[in-house]
Amino acid sequence: EAGVVQSPRYKIIEKKQPVAFWCNPISGHNTLYWYLQNLGQGPELLIRYENEEAVDDSQLPKDRFSAERLKGVDSTLKIQPAELGDSAVYLCASSLDLGTDNEQFFGPGTRLTVL
Amino acid sequence: GENVEQHPSTLSVQEGDSAVIKCTYSDSASNYFPWYKQELGKGPQLIIDIRSNVGEKKDQRIAVTLNKTAKHFSLHITETQPEDSAVYFCAASVFDYALNFGKGTSLLVTP
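Chains as they are written, first to last, in our numbering: chain C, 8 to 122; chain P, 748 to 858.
Any given hint might turn out to be false.
Unchecked claim - In silico BS3-like cross-links for lysine-lysine, where the CA-CA straight-line distance does not exceed 30 Å: (1) 818(P) x 784(P); (2) 18(C) x 789(P); (3) 784(P) x 18(C); (4) 815(P) x 769(P).
None of these hints come from the bench; they were simulated from the model.
Just so you know, these numbers come straight off a predicted model, no measurement behind them.
Given the sequences, and given the hints that come with them, work out the whole structure.
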């Protein structure tokens, strides 16, 4: 079975440009997470979806970041405009159900470099 | 919010020795404590987890212990092998909500 798929794997953009990341979770997983991982740090949650509903977006910088999961399956995370400090790895994870013995499965991440 | 501290930041052991990584957490409501292994260029992978109703859990060469009173939990890897070299993250959460990660431990196992 395929794991969590993310694309692109790498992205280099100039500051003030927009960028978008795509995630396809494991089939049947209704909970989807976007995490930000800075170099040498652990992942930090940006947003959590249960199906198509964003149930926790308290850590998402809403002035420049947006996310959607329109059909409750794949998801897109967007930054507009990007800043130098946004350079990081953006990880997507999914789990089968919230509140049960569910493991979060992570994708390989998208490494963003903002010049 | 939850604050998870992890030590050491780097750990070097010889093949066959044991490795221990320790984490503390601040939120007494946290009840789920997973450990992830992250290899270069890959996403974190769950290696073992423990819930607050259990004090210890073991899976082959890997074990985790939890002390709820002291709010700390530890990862123990015995008979280390070179392929155990990676960055290890501890995390804590209330149920299975958003994971709060430590800063990671870079483990190097030398032959």
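Now the hints, each set against the structure:
| no. | hint | verdict |
| --- | --- | --- |
| 1 | 818(P) x 784(P) | holds (22 Å) |
| 2 | 18(C) x 789(P) | holds (16 Å) |
| 3 | 784(P) x 18(C) | holds (24 Å) |
| 4 | 815(P) x 769(P) | holds (14 Å) |
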